[in-house]
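Enquirer: Starting from the given sequences, assemble the full structure and let the hints guide the process.
In case you want the letters, here they are:
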Amino acid sequence: MSGTAIQVEKLVKNYGKVEALRGIDLDVEEGEMFALLGPNGAGKTTLFSILATLRKPTSGSARVLGHDVVTQRPTVRGLMSIVFQEPALEQKLSVRANLETMGAFYGLTAGVRRTRTDAVLEELGLADIADRRGDKLSGGQKRRVELARALVSDPRMLFLDEATLGLDVDGRRSFWSRVREISRSGRTVFFTTHYMEEAEGADRIALIHEGRIIALDTPRNLKNRVGGGVILLRTDDDERAASWLSDQGFSPESSERGLLLVYREPAELLPTLLRDAPVRIRRAEVHEPSLEDVFLTLTGKGLESGPGETPAPAAAGAAP
Amino acid sequence: MNGVAAIVVLDLKRLWVDRIRLVSSLIQPLLYLFVLGSGLGASSVMGRAGYLKFIFPGVVGLSLLFSGVFAAILIVFDRQMGFFKAVLVAPLPRWSIAIGKVISGALQALAPALVLLLFMPLLGLVPGWLELLELILAMAAAAVTFSALGVAVAARFHSTTVFPIISNAILLPMFFLSGALFPLEAAPYWLQVAAHVDPVAYAIDLMRGALLGRTYFPLWLGLPVLTGFIALLTWLSTRVFASGEDA
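Sequence order for the protein chains is X and D.
Residues 9 to 328 (the working numbering) are what the first sequence spells out, left to right.
Residues 93 to 339 (the working numbering) are what the second sequence spells out, left to right.
FYI, nobody ran anything at the bench for these hints, they're computed from the structure.
Errors might be hidden in some of the hints.
Label pairs and their calculated CB-CB ranges [what the hints assert, rightly or not]:
| hint | chain 1 | residue 1 | chain 2 | residue 2 | range |
| --- | --- | --- | --- | --- | --- |
| 1 | D | I257 | X | K25 | 54 to 62 Å |
| 2 | D | I112 | X | R228 | 33 to 41 Å |
| 3 | X | G24 | D | A261 | 55 to 63 Å |
| 4 | D | F169 | X | R228 | 43 to 51 Å |
| 5 | D | I112 | X | S185 | 51 to 59 Å |
| 6 | X | Y23 | D | Q172 | 48 to 56 Å |
| 7 | X | S185 | D | R248 | 21 to 29 Å |
| 8 | D | S335 | X | E276 | 56 to 64 Å |
| 9 | X | D136 | D | I119 | 38 to 46 Å |
Straight-line alpha carbon distances no greater than 30 Å define the calculated DSSO-like cross-link-like pairs of lysine-lysine that follow [claimed, not checked]:
| hint | chain 1 | residue 1 | chain 2 | residue 2 |
| --- | --- | --- | --- | --- |
| 10 | D | K105 | X | K100 |
| 11 | X | K18 | X | K64 |
| 12 | D | K105 | X | K150 |
| 13 | X | K18 | X | K231 |
| 14 | D | K105 | X | K144 |
| 15 | X | K100 | X | K144 |
| 16 | X | K64 | X | K25 |
| 17 | X | K18 | X | K100 |
We put the CB at the ideal spot given by N, CA and C, even for glycine.
Expert: If you want it as structure tokens, here you go:
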């Protein structure tokens with residue numbers, strides 16, 4: 009199992025004059041857990057919709073498991089399952105009926121539907137709520153049921169679009185541990201997110217910004233690309249500090265958290281900064297670069313710049 | 093064909109959960125039949141009893157029209173909830189989604205209309221078995237037509253707020269122009285012309301033909317016209333479903 013699961017070439021999508029995707033190239037290996045990470049409005053959902061056969065590209069091509077997502081839609085649809093960001097359960101039907109309905113949509117016979125439904129409910133630990141109606145489930149349960157429903161057809165590919173939107177930390181953790189199990193069973197998982205801690209769990213990440221892939225690598229390599237570490241400074245006058253730093257030959261980025269400075273040996277630089285800066289430094293941290301920092305150094309913008317809820321950035325170890 | 097069945101079965105399951113809606117969909121046509129029928133009948137040349145018999149197919153048509161078109165509102169709800177996306181990414185042929193939705197809407201419309209038939213003896217209408225069979229077939233053709241109209245409209249709209257507007261701007265004129273409440277033969281010329289492009293007129297004419305043995309349109313014309321409407325509307329819906337979110 010080492011074919012290409014997703015192959016995207018020069019993909020462009022315009023909505024009228026708005027360029028949502030400006031030439032995407034992307035390859036996802038079979039069996040990989042792959043994250044598409046970017047702020048809201050970067051083009052994640054558009055790319056996702058094209059791969060999901062719900063939209064046509066303006067130009068360029070995309071193939072899923074070797075089949076074109078425009079000309080071979082029925083084949084593509086049969087090979088994959090999707091969990092969308094909107095809750096898509098039929099509220100009035102039981103969990104079991106929801107799963108069996110999906111089985112019918114994928115052409116499973118009544119017997120196979122029932123066996124697969126039972127197996128998947130068991131596998132995801134949902135057997136005890138199998139007869140509960142959709143509208144009687146908690147948010148986290150709903151998402152897990154949708155995950156289960158996506159597995160009824162035994163798909164080779166699983167697509168997840170911002171699938172944990174609106175879940176609390178516990179709900180998200182439990183959801184992703186299930187997804188990782190699914191990934192270990194050999195299926196390809198392709199997901200979009202704007203939570204960087206979710207992307208951390210992927211084998212590889214594509215960072216998307218303003219309709220382009222600006223970086224594509226493993227989480228480790230992406231962080232190494234920033235090089236060294238990140239110094240985060242809070243000062244009395246960030247603007248003055250930034251212009252002073254620029255004069256010293258650094259390229260600081262200002263963010264909501266303060267001034268960010270990427271440097272090969274941050275621990276060596278920090279004492280100099282504290283001594284010579286023309287403004288009072290109230291707080292200084294040195295930490296390993298996070299995906300957020302990678303994104304920030306590549307784009308000058310934070311991942312959370314879009315609307316919507318913003319989880320607290322992952323706590324990083326402060327320098328003594 | 094399995095796809096059509098999957099869509100229909102799902103909708104019928106949901107309808108069963110909501111069966112109180114079936115009861116409420118009976119109230120409006122019964123009101124028309126007994127209140128309007130009695131009121132208008134008193135001043136009609138047919139007399140009260142004759143008029144009630146005359147408008148009975150029209151009232152059945154009214155029930156079929158509104159339940160048939162409004163059944164499709166479920167598609168708009170599904171779209172708003174996100175459930176419809178799950179349908180669209182399933183490996184179902186797009187025509188099977190359209191046909192499945194049309195059939196499920198037609199069944200939802202037929203159920204209360206069939207209950208209306210139980211009131212026929214009260215009006216002095218006692219059709220023979222053959223007439224009854226013809227009537228039910230005509231009702232089925234009408235139900236499919238109106239459901240196809242509803243699906244074609246619902247496929248295009250993403251908000252349920254357009255439905256009351258459509259009902260006032262399209263359905264009521266279609267109903268009033270159809271000759272459901274008055275004989276078209278006696279209607280002004282412009283109205284008769286309008287009735288010729290109104291599928292509701294053909295549908296009610298077919299039912300009236302089955303029940304009372306009199307038709308306005310030539311007997312052979314009704315079914316081909318309704319079939320044409322059904323094919324056109326279903327094709328339009330299929331096209332919209334095929335374009336997914338680009339629609």
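Enquirer: Evaluate each hint against the coordinates.
Expert: Tested hints:
1. The beta-carbon spacing between D:I257 and X:K25, approximately 30 Å, falls outside the hinted interval of 54 to 62 Å.
2. Remark: the range hint 33 to 41 Å for D:I112 to X:R228 is contradicted by a beta-carbon distance near 58 Å.
3. In this structure the hint that X:G24 and D:A261 lie 55 to 63 Å apart at CB is violated, the actual value being about 28 Å.
4. Checked against the hint of 43 to 51 Å, the C-beta distance between D:F169 and X:R228 comes to roughly 46 Å, which is consistent with it.
5. A hinted range of 51 to 59 Å is violated for the C-beta pair D:I112 and X:S185, which are about 41 Å apart.
6. X:Y23 and D:Q172 have their C-beta atoms about 21 Å apart, which leaves the hinted 48 to 56 Å range violated.
7. Our hint of 21 to 29 Å for X:S185 and D:R248 is violated, since their Cβ atoms are close to 42 Å apart.
8. A beta carbon spacing of about 59 Å between D:S335 and X:E276 agrees with the range 56 to 64 Å that was offered as a hint.
9. Between X:D136 and D:I119 the C-beta distance comes to about 41 Å, which sits within the given range of 38 to 46 Å.
10. Between D:K105 and X:K100 the alpha-carbon distance is near 9 Å, which keeps this suggested pair within the 30 Å criterion.
11. Between X:K18 and X:K64 the alpha-carbon distance is near 13 Å, which keeps this suggested pair within the 30 Å criterion.
12. For the given pair, D:K105 sits about 20 Å from X:K150 by alpha-carbon distance, which is consistent with the 30 Å threshold.
13. Between the alpha carbons of X:K18 and X:K231 the distance comes to roughly 26 Å, so the proposed pair stays at or under 30 Å and holds.
14. Distance hint between D:K105 and X:K144 is fulfilled; the C-alpha atoms sit about 18 Å from each other, no more than 30 Å.
15. With a CA separation close to 9 Å, the supplied pair X:K100 and X:K144 stays within the 30 Å bound.
16. Our distance criterion of 30 Å between C-alpha atoms is met by X:K64 and X:K25, whose separation comes to about 16 Å.
17. Of the pairs offered as hints, the one joining X:K18 and X:K100 is violated, with about 43 Å between alpha carbons and a cut-off of 30 Å exceeded.
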